[in-house]
Amino acid sequence: MAEAPLTRATLLVRLKDIDDSEAWTEFVQLYGPVVYGFARKRGLQDSDAADMVQEVLRSVARNADRMVYDPKKGTFRGWLYTVTRNKIYNFLSAQKRRPRAAGDVGSQERLESYADPSNDAEADWELEYQRRLSSKAMDRVKHEFQPATWQAFLGTAVEGRPAVEVGESLKMTSGAVYVAKSRVLARLRDEVQKLMAEAEHW
Amino acid sequence: MATTILKMPTCSRVDCPPESELEELIGAGDTPIDRFDRVTEHVGDCEGCQKRLDMLATAEVPVLSEALRGIEADSASRHSALWKALDDIAGTSTSSRSGRVPTERTDELKLDFLDKSPDPKLLGRLSTFDIVRVVGRGGMGVVLHAYDPSLQRDVALKILDPNLGSNVTARQRFTREARAAAAVSHENIVAVHLVDEDPKSGLPFFVMQLVAGESLEQRLRRVGKLPFQDVVRLAAQAAAGLSAAHASGLIHRDIKPGNMLLESPDDRLKLTDFGLARAAEDLRLTKTGFVSGTPLYMAPEQAKGDEADHRADLFSLGVVLYEALAGKPPFEGKTPLAVLRRVADEPHVALNKYSPDVPKWFEDVIDRLLSKNPDDRYASAAELAAELAPFVSKHRSQPCKIPTSEPCALVHPSSLSRRALRKWKMKVALLMTIPFLLGILAGAGLGVAAQPAPETVAVLQPTPEIMIPTPADEGIAANVQFPGNSGPVWSVAASPDGQTLVMGLEDGKIVVYNVADRKLRFTLEEHTGTVWGLNYFPDGQRFVSASDDGTVKIWDTDKRSSAKSLPVSSGVRCVAVAGHGRSIATGDLTGEVLVWDIEDEKPIRKYNHGGTVTAIAFDKLGLTIASAGSDRTVKVWNLMNDDTKPRFTLPIQKGPVYGVAISPDDGLIAAAGWEGIIKIWDQKSGLELRELKGHENDIWSLSFAMRGKELILASAGQDGSVRVWNPNTGDQVLKFKGHKPTTHVVRFGRDGTQLFSGGRDGFVRVWDVPK
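From first to last, the protein sequence lines stand for chains A and V. Numbering-wise (my numbering), the first sequence opens with residue 14 and increments by one. Numbering-wise (my numbering), the second sequence opens with residue 92 and increments by one.
Some hints here could point you the wrong way.
Unchecked claim - Pulled from the structure, derived: some chain V residues nowhere near chain A, Cβ distances all over 12 Å: (1) S586; (2) Q632; (3) L780.
As the list claims (entries may be wrong) - So, partial list: chain V residues that the calculated Cβ filter (under 8 Å) puts toward chain A: (4) S156; (5) I162; (6) S241.
What the hints contain is simulated information worked out from the structure, not anything from laboratory work. Even for Gly, the Cβ is constructed at its ideal location relative to N, Cα and C.
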């Protein structure tokens, strides 16, 4: 979908426009799964992680009109990371104080590992973000490739299977599988960079 | 995350190609990879070069490889709570998320017009519908995801925005436009099932098909632009839908990606919200004096405020097609006014500037649609559809239709046998061609029989399953049951001699069985929508079918194609045949009752019942008909005069009426429905005589029969059971074990000695009715 012609403002500005539900949907679709994936990695259950998504995004919504974009203070993504991290920390501490079920002995452990700075949480966050962008890029470029090329890419880069095995099912030499994979990767890289450039404005 | 600086691996072998050659290989897009190419072959063997390729490809975004690994398996599962959470939060109205009051809409959406539901998971009830969630809110109405317990299906319910409810003009427009849309039935238009008014709040609403999938708007936002072949297919489908609507005098006026739904799994395009744009616009004009909304897809004549006809829809379609290919609409501007000016006065940028791969002929099609002067566009959507048709049929891959329900693992034909059937059909086609050619070559009289022999089909036939007797409290088990093999059974008819059974299925098929030897004779596949009604003519030779596809067809029992097809325009919900066999009566989704002369194939009487007509019945002589409907009434019409008013209306029930029958002795009318109670009236006076109670839930179908001098009435419904009553005393005489979970239809056969029932489980059961 093309940008609405009425405004070329950045997403953050658009979020403040209470009538711009398109911007809001776009925002939710990009960051919702990032928060979810990150929360799951911190040990939250599916439904808790989904609640966390709602909580984090709602707090963005509530604060949108008070937020001012200041590049000196870091990126919006960085700010969202801090918000998410704190909320998850609070959630896990609350869980520790009130174990919900006898079987839930893991929360203490999760909280401890969470507080441990050697556990590179920010790297996880970045990776989740890259996954979102990659997934969006995959949707966009898929139709540009022959099915066999795409399958060669999926089998190796996504599923991590050996090129020889992937090639056998596709009747391709392993050399051809490597070439196919690298071509899709290169195309994805361009698309991801484009998406990143778009998102950096947010 | 990998943060170490990655070093390009060095070549492990002396014959490694230089980096430039690898780059060339990567950068060649999706050109064919020559398996004997020296470099490709080398890469297959050289681990070092494999790594070099990866790194060259992911340079600048080294994290890409890591992000991609397991990306599909790793994302939240289909059943994750994440999706609902995202839906919920994306649907959060802007006003509620910021806590501020938006300028134009000073109103929060209040759902206080809903009745409380006993089920806390539901938002509430409206009329007879369970409301599951709010799907969206448009210019004029609120769209709700609802469940229709009577038809046991999910539907979309659009109700006039409660804040406009007090505006009489708004109500009238909303209802009028919805009625007009309901009259059009086409596979590329979202079907409107019912137009009604909520009895409590008085708000008009209509019920539509709930389309699984996403809108073109969502699709484009997700993937940017679409491949050319897909756009051509969508263009042809949109043109087909528009031409059906235009033929009924209905103009959309707001064709845009958001109003074009792509139905899963094969992305069939369905247009929605016909005419509502106009209604909403009129309303806003009267309210504020100016037009708002996006002008991106408006035709120049609309932009200028001139009179717009059906060709405005063609222009808007051109804009959508352009955007789908180019990834951006042809007319953009910083303000709505700037867009309007461009639409009205400026030519669009040539499409090939953004999409050089689009063939010239299709670019010409789009250019013609985007002509400023309506006279320069196609004269009609039909003309456009005709132009696209050859191209689409050449390229279309027919998706395999998978049956929605598999009633019984023992008897349902496997997909393999379906494929076998198709193969067999092809072979027959071939066989038929060969003798034809031989006939030409060798002159007439070669005498090769090319008719498909019925025996051949027998191999694929499901065998009817013999029932095992069940405990008495569940009722008497059936003698035999016949599988329809294609989803719920909605209608059943048996020939007067009890030899032939026909059943109408949800997917439009009609299955014909021999009752005696239980052989499937054939399946008729002309209808494209649910077969709601079936009835035999008294001659025992012909039967009539009524379908959601808007047609009524008359069939010869022994022929495999219909003898007649009568167009009713909106989905036909029920059909009855007069005792003399010369006329039939139909009731449809728009509340219209028609009586047809079979010879002339023309309606001779036209009545307005209102709501949806769910059932219809003739009296013995064909002088009176009774119709029942979602408007909670039964109306009795006198065919002897030109009166367009009912002879009488039987008192309003608490809910929709689903079944009505007139006794063969002309004495009684029976009706039942949502209330779960059968009511018996005197046919002449309209006086209520008694109520028959026993069913635990909605009653779906009623059938009368005379056994000797004794009048009996059969009923069936949502509790699954089939019951037989003495309507003169009100006693329940027999109870049969029906279908799970719901029995949809029950019919007596062979003078009341046989009983046929069909249900959601996809079977028809047959009983001998004991004395």
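Checked hints:
For V/S586, the non-interface assignment is confirmed: its Cβ lies about 51 Å from the closest Cβ of chain A, beyond the 12 Å cut-off. Distance to chain A confirms V/Q632 as a non-interface residue, since its nearest Cβ pair spans about 52 Å, more than 12 Å. The beta carbon of V/L780 sits about 56 Å from the closest Cβ of chain A, which is more than 12 Å, so the claim that it is off the interface holds. For V/S156, the interface hint holds, since its Cβ comes within 8 Å of a Cβ in chain A; the closest pair sits about 7 Å apart.
Of the supplied interface hints, the one on V/I162 holds, with its beta-carbon coming within about 6 Å of a beta-carbon of chain A, less than 8 Å. With a cut of 8 Å, the hint placing V/S241 at the interface with chain A is violated, because the nearest CB-to-CB distance is about 33 Å.
Violated hints amount to a single one, hint 6; each of the other numbered hints is respected by the structure.
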